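Using the hints, position chain B against chain A.
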Amino acid sequence: MNILKVSRWTIAAFVLPCLLLYVCLVFVPITVSIYSGMLDWNGIGVSKFIGFANYNKMFTNDAIFWPTVGRTLLLAGFSMLVQLPIALFVAILISRYVRRPSFLVSSYFLPVILSVVVIGQLWKTIYNPASMGGMINQLLIKLGLDSWTHSWLTEPKVAIYSIIIVALWQYLGYHILIQFTGIQNIPADIYEAAKIDGAEGFQADRYITLPMIVPIFKISVVLSFIGSLQSFDLIMVMTGGGPAHTTDVISSHMYNMSFLSMKYGYGSAIASFLVVVCLAATMLVNLLFNRLDKRFS
Amino acid sequence: MKKMSRKVMCTVMAGILAVSLSACGSSGNNGNNSKEGASSPKASTPAASKAASKENITITFQNIYPDQTDPKYGMIRKIVAQYEAEHSNVKIELDSLNTDQQKLKLKTQAASKEVPDITIVNPAAQMQPFIDADLFAPLNEMLGKNGLKDTFQEGILDYYTFNDNVYALPDGNNIALIYYNKAMFAQAGVKVPTTFEEMVEVVKQLKAKGIQPMAIGEKDSWTGSFLFMNVLLRTNGGPGFLKDVVDGKKTFEDPAFTEAVDAFQSLVQAGAFQEGATSFDYNAGENLFKTGKAAMYFMGSWATGGIETSSVGEKGEVGVFKFPTVGGKGNPDEFMLAPGSAFAVSKDSKHLDETLDFLNYFMLNYPKEAFAVKGAVGVAQKVDGDFKAAGYSDMAMEVLGMFKGVKGGDLAFDNTMNPGTAQVHLSSIQNLFVAKKDAAEVAKEHQKGYEENKE
Numbered sequence: 000m001n002i003l004k005v006s007r008w009t010i011a012a013f014v015l016p017c018l019l020l021y022v023c024l025v026f027v028p029i030t031v032s033i034y035s036g037m038l039d040w041n042g043i044g045v046s047k048f049i050g051f052a053n054y055n056k057m058f059t060n061d062a063i064f065w066p067t068v069g070r071t072l073l074l075a076g077f078s079m080l081v082q083l084p085i086a087l088f089v090a091i092l093i094s095r096y097v098r099r100p101s102f103l104v105s106s107y108f109l110p111v112i113l114s115v116v117v118i119g120q121l122w123k124t125i126y127n128p129a130s131m132g133g134m135i136n137q138l139l140i141k142l143g144l145d146s147w148t149h150s151w152l153t154e155p156k157v158a159i160y161s162i163i164i165v166a167l168w169q170y171l172g173y174h175i176l177i178q179f180t181g182i183q184n185i186p187a188d189i190y191e192a193a194k195i196d197g198a199e200g201f202q203a204d205r206y207i208t209l210p211m212i213v214p215i216f217k218i219s220v221v222l223s224f225i226g227s228l229q230s231f232d233l234i235m236v237m238t239g240g241g242p243a244h245t246t247d248v249i250s251s252h253m254y255n256m257s258f259l260s261m262k263y264g265y266g267s268a269i270a271s272f273l274v275v276v277c278l279a280a281t282m283l284v285n286l287l288f289n290r291l292d293k294r295f296s
Numbered sequence: 000m001k002k003m004s005r006k007v008m009c010t011v012m013a014g015i016l017a018v019s020l021s022a023c024g025s026s027g028n029n030g031n032n033s034k035e036g037a038s039s040p041k042a043s044t045p046a047a048s049k050a051a052s053k054e055n056i057t058i059t060f061q062n063i064y065p066d067q068t069d070p071k072y073g074m075i076r077k078i079v080a081q082y083e084a085e086h087s088n089v090k091i092e093l094d095s096l097n098t099d100q101q102k103l104k105l106k107t108q109a110a111s112k113e114v115p116d117i118t119i120v121n122p123a124a125q126m127q128p129f130i131d132a133d134l135f136a137p138l139n140e141m142l143g144k145n146g147l148k149d150t151f152q153e154g155i156l157d158y159y160t161f162n163d164n165v166y167a168l169p170d171g172n173n174i175a176l177i178y179y180n181k182a183m184f185a186q187a188g189v190k191v192p193t194t195f196e197e198m199v200e201v202v203k204q205l206k207a208k209g210i211q212p213m214a215i216g217e218k219d220s221w222t223g224s225f226l227f228m229n230v231l232l233r234t235n236g237g238p239g240f241l242k243d244v245v246d247g248k249k250t251f252e253d254p255a256f257t258e259a260v261d262a263f264q265s266l267v268q269a270g271a272f273q274e275g276a277t278s279f280d281y282n283a284g285e286n287l288f289k290t291g292k293a294a295m296y297f298m299g300s301w302a303t304g305g306i307e308t309s310s311v312g313e314k315g316e317v318g319v320f321k322f323p324t325v326g327g328k329g330n331p332d333e334f335m336l337a338p339g340s341a342f343a344v345s346k347d348s349k350h351l352d353e354t355l356d357f358l359n360y361f362m363l364n365y366p367k368e369a370f371a372v373k374g375a376v377g378v379a380q381k382v383d384g385d386f387k388a389a390g391y392s393d394m395a396m397e398v399l400g401m402f403k404g405v406k407g408g409d410l411a412f413d414n415t416m417n418p419g420t421a422q423v424h425l426s427s428i429q430n431l432f433v434a435k436k437d438a439a440e441v442a443k444e445h446q447k448g449y450e451e452n453k454e
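Chains A and B, in that order, give the protein sequences.
With numbering that gives the first Met the number 0 applied, the first sequence closes on residue 296, and no number is skipped along the way.
With numbering that gives the first Met the number 0 applied, the second sequence closes on residue 454, and no number is skipped along the way.
Note that these hints are calculated values from the structure, not bench results.
Note that the structure is a prediction, hence the values are computed from the model and not measured.
Virtual Cβ for every residue (Gly too), placed ideally from N, Cα, C.
There may be inaccurate statements among the hints.
Said to hold, decoys possible - Heads up, simulated DSSO-like pairs for lysine-lysine below, C-alpha to C-alpha not over 27 angstroms straight-line: (1) B/Lys-106 / A/Lys-56; (2) A/Lys-156 / B/Lys-436; (3) B/Lys-328 / A/Lys-47; (4) B/Lys-112 / A/Lys-47; (5) A/Lys-156 / B/Lys-447; (6) B/Lys-406 / A/Lys-141; (7) B/Lys-328 / B/Lys-203; (8) B/Lys-447 / A/Lys-56; (9) B/Lys-321 / B/Lys-406; (10) A/Lys-141 / B/Lys-292; (11) B/Lys-367 / B/Lys-71; (12) B/Lys-71 / A/Lys-56.
As the list claims (entries may be wrong) - To list a few chain A residues with every Cβ distance to chain B over 10 angstroms, as calculated: (13) Val-45; (14) Thr-59; (15) Val-81; (16) Ser-101; (17) Val-111; (18) Gln-137; (19) Arg-290.
Claimed, not checked - To spell it out: a stretch of chain A is covered by chain B in this simulated footprint if at least three of its residues, at any positions, have a beta carbon under 8 angstroms from a beta carbon of chain B; those stretches are: (20) 69-76; (21) 119-128; (22) 238-244.
Next up, chain B with everything else stripped away, as it sits in the complex:
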């Protein structure tokens, strides 16, 4: 009898354990489902009928404005709150991530076809794989509503257009330029260089006075590549080098490329960049300039807002100049162009109409709100308003002036070439910061990487 009851007890206990475990398991599943619900609203409104116009819906808005000190953080929330107030049945859920995390998350989501209703993509070549996989909804029709299309600057939407369909709307349109610290330049007695050779000379003079000439965050290898590509834009005597490579008209072993490598190396070898540059990430590099520890900083005009509000910016010490000619070649009015990250809409969104309606509203309000928070330098849309009167700094006005003189240019390497080739390029350029290389060797490395990754 005793034995019997023990046996029964055992089985019962085992049963309880198994049940409780499987209960845990299923509650875990529920947890997953609700999480999925956050990224794709299909699960969040399971019972509601699709036809009902006043059904409660949630739109997931993945974005790259997680930084509370960034004016855009408050701006996006303001527009969302306005929209929610006007549309009581719609809830916009913000999924704010930093740039790298967002790229990774989107790729993972795309692999399982669970793209959020609105997400962020980068232009041209970086968008291509998503377009090939047919993940985004075309936005042509939506652009026609409320005159949204006319708010965008001319030509900017081309970078997001595939087969005559616009698939994403950019939040910015930037150019690359060099910021410099006027006080440090005065201290070393140097003038703004008008040629690349003068710039190398300025670097040497600053260095002689114990001033760190340039700052860069080369751990994020695109920063060095961006600068290198600007040198190449000059040595090639104009834009289109990479396109010529893709079209088979040129190879990386073209003299324009090796000249660019040599010029770039002369800058590195002159000691332009801070020691240990390859272990500085983007923010750490930029902070050197912002805190007055470096005299020059090459970056896209998106950095203007941040530099304006930094300690050197507030003292009014910062000026800007165009990237100079290299070896007498190139036109300073041709810039590295950086059409910004852009908002795309998932094709499989359960609330496609509402999502498109919201994005239309968002983009219509974007330039106005950006202008109000002094974030309108480098916006992809036309901005109404007097920048000077609104209190934009002299530096910001100078940058705005540069925009007016833009006569074309090139996109960054990773916006032009496929990801595989881009990675070969990025690490090859990063290597130039730590080792002196033969230009022909660098060219060969590029050509090999390009051919291996060609599809």
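Chain A on its own, in the form it takes in the complex:
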């Protein structure tokens, strides 16, 4: 600290406002919600302390809870294993072949700034049955693939995938932007040196771009993972968790329990679970990437 040549008090003065804000807006609510999770409370009337009964019920006796966890992880998995590699691939292509990339990158970014409600409504009409003018189904019929048509958002088996596709589509541009910026920041002289040594094209990507983009890629992974765990708005707009809970995720289940079934305490227990999962996931991702970092440096 002494290298900064300022007193500890100065540092404290700088840090304090932010720290206070952070504690009030993050730690206090989390603590409160963990406590509410131990209450039998409808959110309005008298509450009763019941210890870990809510948590116990959540893990052992809630037919909806574990499937919602599964679907949340499914979304996260698709996001990390499908969306991020595509984003990286597109980012590499753009940085290599496109002269003025800013227009392309901005266009990919466009869905991110659109409201989720707009996106949800847009895709709902795309997914509609052919009789209601749904684009995908009409296209399939025109191509003679009638048997491939589905009622995309209402068939229990396909509905969740239909939503996942929209979520991936929306945030693809976001990750392209992040990774494209990462690639731009790799010094050009490294590539030039590699060129002299005979490494060009995808070989250069394999041995230069990939290792050097790891720290940026890590940000993408954390963002997409946490984003998937918290996904809520898109699902509420498109299906509302239906039909019969088949597209519910952890956060929509939490909402249903807290506000529709009026089990505020139980909803808080689910919220606390979500916080713990988010923290654990972030730690796990950090650990993995630290190892990767070590391997490459």
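Below, chain B without anything else, positioned relative to chain A:
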């Protein structure tokens, strides 16, 4: 020296930053306070003395009329403006939200005991938690003033009465019925069905002619439940099934319930509802009927006004019929009853007297103004006036005629059972739209949900 001044500069800068940040923080707090002021007037008149009669006060009126095309939007503003003109010291602040948002906001406000002066609640079981938490002021005394109590239809206030106290005043009293498109019926050569079995047959014939038989907005799962409960009202041979379950006289595994599930499924399996029904919200479902894309629509009579002014309504193509008997059981004059959302007054209101006075004025003027904007079909109060002469449509007159013949009925599921059980029921019925289920299984699911949520 140089070092010294740098150090001083640093500290000063840090100080400024901290001060400016905390200033931001406190101004943020002020912002919050003024917002709270909007929802509870205690903060908006901090210094004014309570005793002064001409003190300026603000009453917050949370309501569910945000839609500018809805006649009620203009109506509520008109009555408020009149009242403000007569009481120069009172300002009524309208907090207009759509139904779902309002429910959510009220629950959040109730959790922190900051209920607006006037708010909206739903009858019976949905009101119960708020009553248990003792949030509302009893309205008995206020009802006695200016003869307000006598303007309400007989029995309607019972749904808002707990321990002999009336806690809310309804804006509507509706029944469920089926709207149908006469032109489409003629095109397919079908008649208005008098039994449920005929109705399924009509569905098949309409379908064969390429006409979408029924529309529903099943993303909002109460719509399907409302229809299902009407089937149950018939198979049970009369009202009171859910009450019998609560009283322990019946279970969901009773034959009346499984018959209702089977009958309901026969309708779904005949292809009555549009493809992808569970992704249509209430408005999208209703619009299919309003734009002439579906031949029948089951809904509460509150939809009458909207259908009247829609494209099919203006052509005079819409008729109505009562929900038919199922398997020869039930009485078509028994309806699904839908006592409307109702105005309640916060017990902790800082201006309780003024708020009660305003609500009294509002409710006294409500039927008259509603009648004037053609919104008086299904109002909870007695309406003076000749509907026919005022230009109400034939369909509206038919609906009004039905009201006269009502011989009791049931409330919707979520007005009868606690919220936890209701959610199990809603998702179970929604599932019937996408999968064929064994009726016994559906019954078991209900019974399990009911027992788990019993208090």
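Contradicted hints - numbers only
Hints 3, 6, 12, 13, 20 not satisfied by this model.
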